[in-house]
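Asker: Take 558 as the starting number for the sequence shown in our numbering and just add one per residue.
In short, the hints are calculated from the structure, not lab data.
Incorrect hints may have been included.
Unchecked claim - Here are the simulated lysine to aspartate or glutamate pairs, EDC-like style, with alpha carbons at most 20 Å apart: (1) K583 to E633; (2) K583 to D627; (3) K583 to E640; (4) K583 to D619.
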Amino acid sequence: MPIWDKLKTELDRAGRVAQGALDEGKLRLEVFRARQLVDRAAQALGYAVYRARTAGDGAPDDATLQRLVDAVREREGDLAALEARLHDLTGRVPPRDEPPPPEAAAEPSGTSPPPTTSDAMGDASPDRVGL
């Protein structure tokens, strides 16, 4: 009987690991969807400002602007709560989808830009190989 007990123990452990992976996957999907909601709310805010500026009003009315800012803030709060749950579950901090700061994106002075595809291929470009 000891082999059956060991088998049952290992199957229970494997089941717990699988359930943990399933829970983590569900939570990651919730985080992804929450990020999409934050993006949509921020996009709505940007569109409202754009429409007001192109219409010549300068900015949307205060009530609309406040409603849209509150929506972004609420969605960001929901996202932060989900990311905290994911951190508690996995022990890892989820990556942020934020662009790098502008100075990091600029090339440092004195360096040349990366080679283009034709430069990187050197003499093996399709024209020189006969393709």
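Asker: Determine for every hint whether it applies to the structure shown.
Answerer: Hint check:
With a C-alpha separation of about 19 Å, the suggested pairing of K583 with E633 holds against the 20 Å cut-off. In summary, the hint linking K583 to D627 is not supported, as the alpha carbons are separated by about 27 Å, beyond the 20 Å threshold. Between K583 and E640 the alpha-carbon distance is near 12 Å, which keeps this suggested pair within the 20 Å criterion. With a C-alpha separation of about 38 Å, the suggested pair K583 and D619 falls outside the 20 Å cut-off, and the hint is violated.
Comparing the model with each numbered hint stated earlier shows that hints 2 and 4 do not hold.
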